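Required output: the full structure, derived from the provided sequences and hints.
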Amino acid sequence: MNAKEIIARRVARELKNGDVVNLGIGLPTLIPNFLPSGITIIVQSENGFLGLGPLCDEPNPSLVNAGGEPCGIVAGAAFFDSAMSFALIRGGHVDVSVLGALQVDSLGNLANWMVPGKRVPGMGGAMDLTTGARHVIIAMEHCTKDGSAKILTNCTLPLTCSGKVQTIVTEMALFRINNGLVLEELCPGVSIADVRNCTEADFTVSPNCIATPGELI
Amino acid sequence: MNAKEIIARRVARELKNGDVVNLGIGLPTLIPNFLPSGITIIVQSENGFLGLGPLCDEPNPSLVNAGGEPCGIVAGAAFFDSAMSFALIRGGHVDVSVLGALQVDSLGNLANWMVPGKRVPGMGGAMDLTTGARHVIIAMEHCTKDGSAKILTNCTLPLTCSGKVQTIVTEMALFRINNGLVLEELCPGVSIADVRNCTEADFTVSPNCIATPGELI
Amino acid sequence: MNKCMSLHEVKAVFRDGMTIMCGGFLGVGSPEGLVRELMSNGAKNLTLISNDSAFPDSGIGQLIANKRVTRLIASHIGTNPETGRQMIAKELEVILVPQGTLAERIRCGGAGLGGVLTETGVGTLVEEGKIKLTANSIKYLVELPLRADIALIKAKRADRAGNLVYEKAGRNFNPLMALAADLVIVEVDELVDCGEIDPETVITPGVVIDKIVVSGGY
Amino acid sequence: MNKCMSLHEVKAVFRDGMTIMCGGFLGVGSPEGLVRELMSNGAKNLTLISNDSAFPDSGIGQLIANKRVTRLIASHIGTNPETGRQMIAKELEVILVPQGTLAERIRCGGAGLGGVLTETGVGTLVEEGKIKLTANSIKYLVELPLRADIALIKAKRADRAGNLVYEKAGRNFNPLMALAADLVIVEVDELVDCGEIDPETVITPGVVIDKIVVSGGY
Numbered sequence: 001m002n003a004k005e006i007i008a009r010r011v012a013r014e015l016k017n018g019d020v021v022n023l024g025i026g027l028p029t030l031i032p033n034f035l036p037s038g039i040t041i042i043v044q045s046e047n048g049f050l051g052l053g054p055l056c057d058e059p060n061p062s063l064v065n066a067g068g069e070p071c072g073i074v075a076g077a078a079f080f081d082s083a084m085s086f087a088l089i090r091g092g093h094v095d096v097s098v099l100g101a102l103q104v105d106s107l108g109n110l111a112n113w114m115v116p117g118k119r120v121p122g123m124g125g126a127m128d129l130t131t132g133a134r135h136v137i138i139a140m141e142h143c144t145k146d147g148s149a150k151i152l153t154n155c156t157l158p159l160t161c162s163g164k165v166q167t168i169v170t171e172m173a174l175f176r177i178n179n180g181l182v183l184e185e186l187c188p189g190v191s192i193a194d195v196r197n198c199t200e201a202d203f204t205v206s207p208n209c210i211a212t213p214g215e216l217i
Numbered sequence: 001m002n003a004k005e006i007i008a009r010r011v012a013r014e015l016k017n018g019d020v021v022n023l024g025i026g027l028p029t030l031i032p033n034f035l036p037s038g039i040t041i042i043v044q045s046e047n048g049f050l051g052l053g054p055l056c057d058e059p060n061p062s063l064v065n066a067g068g069e070p071c072g073i074v075a076g077a078a079f080f081d082s083a084m085s086f087a088l089i090r091g092g093h094v095d096v097s098v099l100g101a102l103q104v105d106s107l108g109n110l111a112n113w114m115v116p117g118k119r120v121p122g123m124g125g126a127m128d129l130t131t132g133a134r135h136v137i138i139a140m141e142h143c144t145k146d147g148s149a150k151i152l153t154n155c156t157l158p159l160t161c162s163g164k165v166q167t168i169v170t171e172m173a174l175f176r177i178n179n180g181l182v183l184e185e186l187c188p189g190v191s192i193a194d195v196r197n198c199t200e201a202d203f204t205v206s207p208n209c210i211a212t213p214g215e216l217i
Numbered sequence: 001m002n003k004c005m006s007l008h009e010v011k012a013v014f015r016d017g018m019t020i021m022c023g024g025f026l027g028v029g030s031p032e033g034l035v036r037e038l039m040s041n042g043a044k045n046l047t048l049i050s051n052d053s054a055f056p057d058s059g060i061g062q063l064i065a066n067k068r069v070t071r072l073i074a075s076h077i078g079t080n081p082e083t084g085r086q087m088i089a090k091e092l093e094v095i096l097v098p099q100g101t102l103a104e105r106i107r108c109g110g111a112g113l114g115g116v117l118t119e120t121g122v123g124t125l126v127e128e129g130k131i132k133l134t135a136n137s138i139k140y141l142v143e144l145p146l147r148a149d150i151a152l153i154k155a156k157r158a159d160r161a162g163n164l165v166y167e168k169a170g171r172n173f174n175p176l177m178a179l180a181a182d183l184v185i186v187e188v189d190e191l192v193d194c195g196e197i198d199p200e201t202v203i204t205p206g207v208v209i210d211k212i213v214v215s216g217g218y
Numbered sequence: 001m002n003k004c005m006s007l008h009e010v011k012a013v014f015r016d017g018m019t020i021m022c023g024g025f026l027g028v029g030s031p032e033g034l035v036r037e038l039m040s041n042g043a044k045n046l047t048l049i050s051n052d053s054a055f056p057d058s059g060i061g062q063l064i065a066n067k068r069v070t071r072l073i074a075s076h077i078g079t080n081p082e083t084g085r086q087m088i089a090k091e092l093e094v095i096l097v098p099q100g101t102l103a104e105r106i107r108c109g110g111a112g113l114g115g116v117l118t119e120t121g122v123g124t125l126v127e128e129g130k131i132k133l134t135a136n137s138i139k140y141l142v143e144l145p146l147r148a149d150i151a152l153i154k155a156k157r158a159d160r161a162g163n164l165v166y167e168k169a170g171r172n173f174n175p176l177m178a179l180a181a182d183l184v185i186v187e188v189d190e191l192v193d194c195g196e197i198d199p200e201t202v203i204t205p206g207v208v209i210d211k212i213v214v215s216g217g218y
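Protein chains in written order, with the numbering used here: chain A, 1 to 217; chain B, 1 to 217; chain C, 1 to 218; chain D, 1 to 218.
The hints are all genuine.
No more than 16 Å apart at the CA atoms, straight line, and that leaves these computed lysine to aspartate or glutamate pairs for EDC-like:
#: 1; chain 1: D; residue 1: LYS156; chain 2: C; residue 2: GLU200
#: 2; chain 1: D; residue 1: LYS44; chain 2: D; residue 2: GLU93
#: 3; chain 1: C; residue 1: LYS3; chain 2: A; residue 2: ASP19
#: 4; chain 1: A; residue 1: LYS118; chain 2: D; residue 2: GLU82
#: 5; chain 1: D; residue 1: LYS139; chain 2: D; residue 2: GLU127
#: 6; chain 1: D; residue 1: LYS3; chain 2: B; residue 2: ASP19
#: 7; chain 1: D; residue 1: LYS67; chain 2: D; residue 2: ASP16
#: 8; chain 1: C; residue 1: LYS156; chain 2: D; residue 2: GLU200
#: 9; chain 1: B; residue 1: LYS118; chain 2: C; residue 2: GLU82
#: 10; chain 1: C; residue 1: LYS44; chain 2: C; residue 2: GLU91
Chain A residues, not near chain D, derived (Cβ > 12 Å throughout):
#: 11; residue: ILE41
#: 12; residue: HIS135
#: 13; residue: ARG176
#: 14; residue: PRO188
#: 15; residue: ALA193
#: 16; residue: ALA211
Don't read these hints as lab results, they were simulated from the structure. This one's a predicted model, so the numbers in the text were calculated from it and none came from an experiment. Beta carbons are placed, not taken as given, at the ideal position from N, Cα and C, and that holds for glycine.
Here it is, written out as structure tokens:
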């Protein structure tokens with residue numbers, strides 16, 4: 001299992017039966033593949049529907065996820081316009097938002113929409129999702145491709161939201177943000193020292209910190 | 001033809017083919033009966049649809065106008081919720097709003113929602129209609145039942161809107177409000193002196209003032 | 001995830017002092033069965049948010065007539081003389097809100113918006129006590145969100161996920177209130193399986209609906 | 001009252017310097033035929049309002065690539081590298097707006113609202129230059145309406161009155177833009193007679209639609 005799959009699988013275990021979940025582009029879209037049996041989630045797609053499911057038939061050009069990839073819908077789905085989509089998101093009707101990050105910090109700040117002067121994809125729905133979803137989970141590889149830390153004391157890139165991130169899941173560890181960064185789980189084979197090495201932000205180790213049990217990854 | 005019918009008939013002549021029109025409770029609902037041939041209007045009902053038409057079949061308990069009276073719909077109708085209904089009204093998508101009045105004044109102010117300490121029906125949709133409709137027409141009998149003036153220099157009752165009324169149609173006359181009250185039409189058999197007698201507000205007589213031609217009433 | 005509930009069970013959710021939203025326009029699209037349960041439950045000191053107070057002997061009008069409501073937020077009360085009487089006698093606080101503003105305030109409550117700017121009510125009693133803001137040279141009132149503890153709504157048909165379609169002018173405030181309360185209970189004429197409502201025609205997505213009651217289905 | 005127009009006639013409506021809204025989300029639900037007419041008309045110095053700038057070689061992406069747009073108001077430009085390049089080279093002004101805020105601003109433009117209060121963007125670059133307002137102890141940004149000279153939208157089916165239904169995720173911003181421009185032109189796959197669309201399923205009422213063009217119908 002690669003890093004992305006390990007992360008997606010761990011995030012899947014955060015979800016409760018019946019949760020309404022918005023999945024960001026890329027890694028988060030893998031999450032439904034790893035849902036434990038007995039757990040059904042309802043996937044919200046911010047381009048305008050609830051009940052996103054796997055692609056079963058031929059792709060329909062009008063049925064894509066928020067990343068533009070062909071997808072399917074489940075029985076009990078509903079289509080709506082962008083105002084309704086974000087009324088649901090902003091209004092607290094989405095239980096969990098899972099997003100990637102360029103940087104995330106110990107105050108729960110997230111940066112994932114621009115690198116000034118270089119790359120400015122735009123925030124899309126991310127600012128509304130982090131403002132409105134009840135539980136904001138960052139799902140990302142622990143470090144950048146060149147090995148620099150992404151979990152910082154303070155984000156240096158322009159923020160997506162201020163203080164809304166509650167959980168960070170990487171291929172090394174799981175943190176909760178609760179008056180600072182708290183290490184709650186270590187992936188098998190990873191030491192606390194390994195995590196400190198790869199994390200710029202200081203963090204406390206929860207007294208209940210566990211090695212993520214095998215069945216959870 | 002009674003006073004209400006005379007008024008409704010004259011208002012009907014103000015409407016252009018294709019106009020989207022909201023008709024207040026009571027007298028204004030008579031207007032569609034008097035549309036000249038070749039003129040089709042689209043009636044907006046603020047309880048949530050466009051394409052209100054006469055009752056043709058058995059009354060359907062879910063199909064009533066904004067006054068709660070059973071009605072029908074025409075081909076090409078559309079139902080929507082109250083937010084959409086007032087998005088249409090406030091957003092300038094309703095061409096004409098025809099309402100009754102307790103008082104209306106030479107500044108275009110309207111009072112039609114409360115008599116303090118006595119009768120407070122509430123404004124319903126009237127404040128939004130007068131704010132948003134492109135043309136606000138007051139259709140009412142010239143005086144109260146006890147003969148007092150309703151067209152005043154300044155409304156004394158709490159206002160429904162400030163300066164939005166453009167046209168007043170009564171069984172005696174038609175006024176436009178254009179930097180003050182301007183008499184534009186007299187009904188047959190009515191003199192300017194008669195109108196002054198029944199009107200508290202001062203008004204100018206348009207140089208183009210005409211006796212409403214027979215075919216217009 | 002079973003959202004179905006019998007009308008009988010509904011009674012247990014009501015408490016004195018609650019804020020309750022109720023769909024309907026002069027009784028059309030009003031959840032008559034749910035209101036009957038609220039009547040028989042006996043909860044009092046209610047704040048009621050509804051377009052109007054219907055008629056003294058029907059729907060939510062009965063709640064007013066039975067002195068169960070201490071505060072009413074509505075756009076129109078003219079069809080229920082008892083509402084006006086209690087208001088003038090100061091037995092009932094009535095907050096009159098322009099209908100379009102009422103719709104937007106409820107929509108804000110459900111959509112996580114802090115309010116809207118509207119020209120409606122400027123220069124009238126409605127502007128009293130409100131924040132005013134001038135934008136693009138137009139004077140606006142800032143109208144704040146409305147939410148409730150419970151929303152009682154009426155639809156024509158639900159699937160088991162709570163997806164709703166309405167009937168004609170019975171739609172009115174129901175889809176707005178469906179997002180704007182902590183507990184949302186819908187009364188429907190008909191319950192169908194998931195997949196039986198075309199996803200393109202769903203007006204209220206099921207995720208906002210907590211409980212479904214079938215009319216007359218004790 | 002004939003709202004039908006050929007694709008060919010559309011070209012005449014565009015002028016240099018216009019503000020144009022265009023429906024679609026990464027090209028899905030985008031009025032390809034109308035955009036093609038806008039491309040071939042040659043109008044430039046356009047302000048474009050759209051969720052995203054799609055791809056360099058398709059839909060509104062081509063307008064960007066052809067330097068026809070001087071100002072873009074959008075939530076996301078990552079799929080069109082040319083947009084980012086022009087922005088960084090200061091050839092194109094890009095105003096990035098959170099997607100939910102963009103939806104609300106367009107809705108305000110169509111609904112006669114002066115703006116909305118949203119928490120989205122508080123504590124970020126998005127709050128720069130905006131009015132802030134604290135209500136119920138929460139800090140909000142006041143986001144102002146967006147309107148356009150022309151809205152180009154895409155629907156699946158129209159009746160001759162302009163009533164519209166959409167297709168799946170192709171709905172997105174189209175129903176909002178349909179109320180927010182002085183001239184609203186819809187491109188549809190199919191045109192039917194009045195009465196052939198169930199009034200309960202209409203998403204956009206025909207009164208807001210000025211012109212109807214059938215895709216491919218030259």
